[in-house]
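Colleague: Residues per chain are reported as follows:
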Amino acid sequence: MSVRLQSEPFEPGDLLTAFSAGRGETGAVVSFTGLTRAEQGRTTTLELEAYPGFTDGEITRIGEAAAARWGLQDWLVVHRVGPIAPGEAVVFVATASAHRREAFEACDHLMDYLKSRAPFWKKEHGPDGARWIEPTDRDRTDAERWET
Amino acid sequence: MARVLLFGRLADIAGWRDAMIDATSLTGLRDTLTATDAALGEALAGPGVQAAVDKAIVRGDVALSAASEVAFLPPMSGG
Chain A
1 MSVRLQSEPF EPGDLLTAFS AGRGETGAVV SFTGLTRAEQ GRTTTLELEA YPGFTDGEIT
61 RIGEAAAARW GLQDWLVVHR VGPIAPGEAV VFVATASAHR REAFEACDHL MDYLKSRAPF
121 WKKEHGPDGA RWIEPTDRDR TDAERWET
Chain B
149 MARVLLFGRL ADIAGWRDAM IDATSLTGLR DTLTATDAAL GEALAGPGVQ AAVDKAIVRG
209 DVALSAASEV AFLPPMSGG
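Sequences listed follow chains A and B, in order. So that you can map any letter, position 111 of the first sequence is 111 in our numbering, and since no number is skipped, the others follow by simple counting. Count along the second sequence from 1, then add 148; that gives the number in our numbering.
I should point out that these hints are in silico values taken from the structure, not numbers from a laboratory. Each hint can be trusted.
Subject to a maximum C-alpha distance of 20 Å in a straight line, what follows is the list of computed SDA-like cross-link-like pairs (lysine to any residue):
1. B/K203 to A/G53
2. A/K122 to B/P223
3. A/K123 to A/V81
4. A/K122 to B/G196
5. A/K123 to B/R165
6. B/K203 to A/E64
7. A/K122 to B/D166
So here's chain B without its partners, still in its complex pose (with noise of 0.2 Å):
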């Protein structure tokens, strides 16, 4: 299980920005979201979108525990 969440229009896409999702890597995650939902898995591999885990972005695969908390962040627009 990891805590997911989606920022600026990833959570309009996909109706929720808070979850706890079965998951044990970051590339099973991108699996299992783009699985229930493929508007969202096309969303979260477009262009600019990043992935931060417990706070740090991350590029490539990581592994997962139940204590981590995975976002999703769209390009980011400043203030």
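Isolated chain A, as found in the complex (with noise of 0.2 Å):
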């Protein structure tokens, strides 16, 4: 049940097996990894900003909110901050839950918000210069599926 902000690339990998190491009451544990995409060449660097404190207080509140509703045993959410390179990690999320259907819609669920509510703010760093991205619509759809 924790978030971690780093500056430092991380393993996926490495995070899973940490992660699902030593669960004998554990059916399934679904993990999601996101990377950076270059765009064509759009994009040489992606830089996130976070505000510390804050940022990782609202992913806490989200991903207990998240636990309670599908009964998680446990969930893990590893985001960078600073500048990304294109094709590192930028995101890794793990739930794990007695049974699968729960530990997906949960990780599902978990990355919607991170990707359209969380707290970071995103400049893109391309050949024509830097840009603020905001939520794409698309972003916001995918959000509003979980508000029943």
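Hints are included, so try docking the two chains, each in its own frame, into the full complex.
Modeller: Here it is, written out as structure tokens:
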């Protein structure tokens, strides 16, 4: 049940191995790894800004709500901040539950939240300069799927 | 005095991201910032820009103390 914001690259396989270890009562672990896209050369660096103490607090609140809604045994969010190169992992989410459906849905839900509403500010650096990115309509409608 | 933090494009517009500014209320702080930098003032009043005091989102006016940390947050983009 934790959130980590870090500027250092991470190895998704290592995170999944550690998260899955020692689980006698867990039937399902679902994980998602998000990578940074190069966008056909338009993005040379992605820069993510967080508000330490606020961003992790908000993600924790959403993680705890998801854990209660789907009866998760455990969850983990690892998110990069600072400059990130195309091809590098930017986010890792893992969920653990007794049965698979809850772990799948909670992981999907957490990613929709992280992609659309989590307190990050995203700047794309490319050959034509830098620009701030706001959430897309697709991100918003993905997140709204869970509002029932 | 309050510690003021700007995030995202707000910091680019202002040219700073962390400053100590004299203010006893959030409204007073907005007025001071607008008086010294009209472009920043306009951006702070723009759609979707929120304020957090001591890491909690606030709406309307609140009193600030010397130990207050005020953050102005543009629309959150997600990761």
